[in-house]
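Build the complex: two chains, separate frames, hints provided.
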Amino acid sequence: MNTKFDLTIEPGKGFGGYWKELWQYRELFYFMAWRDILVRYKQTVIGIIWSVLRPLLTMVVFTLVFGKLAKMPSEGEAPYPVMVFAALLPWQLFSTVLTESTNSMVANANMISKIYFPRLIIPSSSAIVSLTDFLISFGMLLLIMFWYQFLPGWQILFLPIFLFIALIAALGAGLWLGALNVKYRDFRYIVPFMVQLGLYISPVGFSSSVIPDKYRLLYSLNPMVGVIDGFRWAILGESSALYWPGLLLSIVVTLCMITCGVTYFRSMERTFADII
Amino acid sequence: MRDTLSAKIRQFGSRLSLPFKGSSNIPIDGADETREFWALKNLSLEVQQGERIGIIGPNGAGKSTILKILSRITDPTKGRIQIKGRVASLLEVGTGFHPELTGRENIFLNGAILGMKRAEIRKKFDDIVDFAEMGEFIDTPVKRYSSGMYVRLAFSVAAHLEPEILIVDEVLAVGDAQFQKRCLGKMEDVGRSGRTVLFVSHNMSAISNLCSKGLYLQKGKAIFFGDVKSAISAYFENSMGDKPSLDSCLGRAGSGGMKYTEIWIENRMGQEVEKFSAGETISIVAEAEAEQYYQNNRIAVGFAIDTASGNRLFTAVSSWKGQEIRTDGKRIRVKCKIESVPLVPGKYYISASLIDGGETLDVAACCLSFEVTEDEMFHLRFTDGDFGILNLPYQFEVSHV
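One line per chain: the protein sequences are A and B, in this order. Heads up: the first sequence begins at 44 in the working numbering, then just goes up one per residue. Heads up: the second sequence begins at 5 in the working numbering, then just goes up one per residue.
Note that these hints are calculated values from the structure, not bench results. Keep in mind the model is a prediction, meaning the values are calculated, not measured. Please note that a few of the clues may not be correct.
[Claimed, not checked] Dumping the calculated EDC-like pairs for lysine to aspartate or glutamate here, alpha-carbon to alpha-carbon at most 16 Å:
hint	chain 1	residue 1	chain 2	residue 2
1	B	K190	B	E168
2	B	K263	B	E363
3	B	K88	B	E55
4	B	K88	A	D49
5	A	K85	B	D143
6	B	K88	A	E53
7	B	K82	A	E64
8	B	K121	A	E70
9	A	K226	A	D317
10	B	K263	B	D251
11	B	K121	A	E64
[What the hints assert, rightly or not] Simulated DEER-style distance windows between Cβ atoms:
hint	chain 1	residue 1	chain 2	residue 2	range
12	A	R259	B	R108	48 to 58 Å
13	B	R316	A	V82	43 to 53 Å
14	A	A150	B	G361	43 to 53 Å
15	B	K121	A	I199	34 to 44 Å
16	A	R228	B	R122	27 to 37 Å
17	B	R122	A	T87	20 to 30 Å
Just so you know, even glycine gets a beta-carbon here, dropped at the ideal spot from N, CA and C.
Here chain B stands alone, though its shape is the one from the complex (with noise of 0.2 Å):
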């Protein structure tokens, strides 16, 4: 039986002072002032040789700090880690890379600083150049590089380590969408080949789609350590509470001049839901009020359905249904009736937009959440298995030929 490499971290805290001297460095009350701030707080895991680990929370939760200390950047104030592998982590990408330099001699500083010996450098050099697509470039100084060229080449060298352990915290939030899909590809072939990846993202579907299991980390505690859907699910579910409204919703933002002032679901009845069985027709319906100034306009509606880990799945927009909205009146109801709504049991989110032309007069992400309840054949919540979203009436018929 294989040993088990693990990373266990164990009640640790990291703590930065922050002191305050009086202005003319005089001490107030005969003492310097030092307000005690907690990154992280008794935080305490397991990770197992193997595991993908996503790290995910809100803007200063200490993902970047948990991080920083696996890598031995910053020291714990309080506990203990241990770990067995080798540790690599990308924290940044093209740390070290010097902008006088060219892309090749960029090549073999970064890997060295990333701890690779010369001799593995030498040896991954041309696989190093082709994943990065740079070609004839890497001869050129890499202050001549666009932004872009600096980010592939920088991660390329990150990528070809062969740690362990790899830590890699948003770098992914830089680059355009091919490069990104490449990027997680890569990733994904460290994982399956049996290193432990440790990875913080704001990326959901990036995380649930390479990671196993999920950190959920608020203010520097951890709120939930497990399956990574499930983490996905708490994290959202605490970043718009419980009930999402157009008041407490993930974003608001707009130009103005008309904005939403409620919204909800109603079933085929008429009645306001917010639970109902698949394969069931609701309406979403949403009031809006029109200013003073904003009158005879002509103007778009569009709704969203998205997944509870954040992944977008249908989009209704009133114009390319040929629906024409004027803003005659001050205020306008619309409804956007949806048959047969083909879903697997779970929790949805619908975010709204009002559009007139090119600009966006409001849009509230997430301002509303239902509930699609399991029937007889979805006994499974959605998170014990991937099977998918849609949940599509089908039949099946069997002949002997």
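Excised from the complex, chain A in its bound form (with noise of 0.2 Å):
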């Protein structure tokens, strides 16, 4: 009698068929997204406004803080908005997929320890929430260019790629976080003053170029301060130079941290619903 079995369970043993599986389940991803998604603006009333209004408020606060009172130097020909806006929009991506991911394991505890399906899945739809929101920002972006009458250059085609590193980069260090918080439930309250903090060291509320040039290579282990430079000189085209080493450290630094994070995630996930 022959019997193929397809699933062995042992302990300690990581789990082969792990990306495959996720896979299967990829229309968890979508649906709780939507459920997220979906959540967040039943018996609202202004709950969809919001999102656009919160990028525009922090927006016009940025421009009178540093532009007006520090007056702080915008690149090049820019309006001084729209190179406050062109940051803000990766920051307000990375910070809040960074706080979500890192809240989402305990949030979804309940799940967790009944019911079994790929971990990963919990921060990463948080994270494609966190995506609409930057959508919806970016819409008002256009918007405000449109305004200002400023019309971006042929390097707007490379945003992509500076959203994509922004998000492995929140992502990386949301995933660790995220674990980390299951077992010790301080992270709940670190991260959003790391955050708070990050927004004043990031170069969102000015241009990175302010930074003296022998700091400058330091300052962009940072992986924002990579990420937000790209964003700038790929919206605001010729106006924003972009400093070549500090993105490319900006990277390396980016991928460390992707891979820290799925792996330790990878390693704490058969515990969790032990310690949640």
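If you want it as structure tokens, here you go:
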């Protein structure tokens, strides 16, 4: 009698077909993101407008504070608000993906302890939700650029690349922090603080060209520096100079982050149901 | 010959560590103390395709743990499991249900979580709604549902999965009797269509109706794995010991005032017996004592006979026969005579209760056991086939027409 088994469960051993399984469960990515978006706007009145208001208001405040009060220079010919908004976009994507992924595991504790599916889907689907926010804000950016009659150059075609880098960086950190958060709930409080700090350290309200040259490379250890510079370059075109060494360093850091994140998450995945 | 689908579980345990730390986080004696608790130990069994296994045992035996391991939610600490076929587990009704979403939205969400594809859900959508009897409420947010509606919908989604192996954990503890019947019916359909079912429950009649084999777990070890009726008897016997008595019965409760002190069975001659043959006349005799403050009250006495699998066969209550009982003396002795007990050979249990109006003064579940012995007609033990529980006198008459 020849019996071939589909599945072998053993302690400790990694599960080889994980990525294949992720593909089998691909619809779950969509459903969980769909659920989060739906729930967000249930019983709200201004719900969907908030996606638009939030980046808009931040941009206004930043323009006033950094542009008018601190008199930070803009990049080239570009209007200050556009410069700020161009950086706000990837930053808000990064920060929401990071915060949501960190909390996503604990928020879905009920499902984790009662049903099996590849757990990687949970933080990833919260990233998808943040992406939709990004798209709305991007539409807003286009409107603002239209208002200022500022047209983007050919560089804008490279935007998806920088978007991808931002996403990967955020997801890498988010997976790592999300897995840690399951065991040590402190991260729920640490992460918003980190994000808050990051907003001022990263070149969102100002251009990274204000950083003195000798510190520029060090500054680029923050992966968002490379991403934001890239976004600005893509959107503002000739007005923005791209600091290539910094960008490369940011990409390297991003790759490290995603590798660490996924590895740690996978290694902890089997214990989630027990400690959550 | 079809390949057999089997879940082979070999030698595995699952360990939960409970770390203890000193109150100021300083390790005691230089090392953290961890207490080991093996939820399952040395479990080894094989399940063939199409078998329906009932997993029974007291609380904390490891039943839910074994399901969690098979569902890949928890990892085993040691050992190996091999599975062929798609597994769907129902460890909780309504996993993933979000209260803000409507029933319709939750069907899709829950279905996707359980592993159904969107096209599949859409195809079965109407069946799911019909089975749950939701009707027009399908588009209301689930937070507005009654608990019954919630459970019906949740079960309905899961019931329309078509896995090769279905794992169900005590989810039928909720819902009204009609719903439970429908759920069991649905699970029977699943079983009959050749799928493997693993079912954990405390409801012994559900287990014996649905399952062909039983796994009896206690404290993480497999005590018995085999025919379901034997597993249930083993469980019952172990729960109550070989000889249940008033002191060690399945459950004792009551508001007090009057309590049973002794209970036994007498045969026609007045001798105390533990076994008798089918068709004999016996009496259940009990003595009960009243507290000082409890005098001159009219009470009723009830006796019940249960099978070894927990099915109630018969109830006798004194007040139904117009028998008046008063607690005049301190002690009373009640005798209930049952003519020609028509039971097939096997082990049975007696429960006794004392009632005052609507109030239960004392109830002792399964406090006495007796055995109906085999006779010429019934060489087989009742577990060898389902010949029923009654052993009624009958005669055949043949004529040519």
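Hints, verified against the model:
1. K190(B) with E168(B): holds (15 Å)
2. K263(B) with E363(B): holds (13 Å)
3. K88(B) with E55(B): OK: K88(B) and E55(B) at ~14 Å, within 16 Å.
4. K88(B) with D49(A): holds (5 Å)
5. K85(A) with D143(B): holds (13 Å)
6. K88(B) with E53(A): holds (15 Å)
7. K82(B) with E64(A): violated (24 Å)
8. K121(B) with E70(A): holds (7 Å)
9. K226(A) with D317(A): holds (10 Å)
10. K263(B) with D251(B): holds (12 Å)
11. K121(B) with E64(A): Measuring from Cα to Cα gives roughly 14 Å; hence the hint holds.
12. R259(A) with R108(B): 48 to 58 Å: Hint holds: Cβ distance 55 Å, inside 48 to 58 Å.
13. R316(B) with V82(A): 43 to 53 Å: holds (46 Å)
14. A150(A) with G361(B): 43 to 53 Å: holds (52 Å)
15. K121(B) with I199(A): 34 to 44 Å: holds (37 Å)
16. R228(A) with R122(B): 27 to 37 Å: 35 Å Cβ-Cβ, so the 27 to 37 Å window holds.
17. R122(B) with T87(A): 20 to 30 Å: holds (26 Å)
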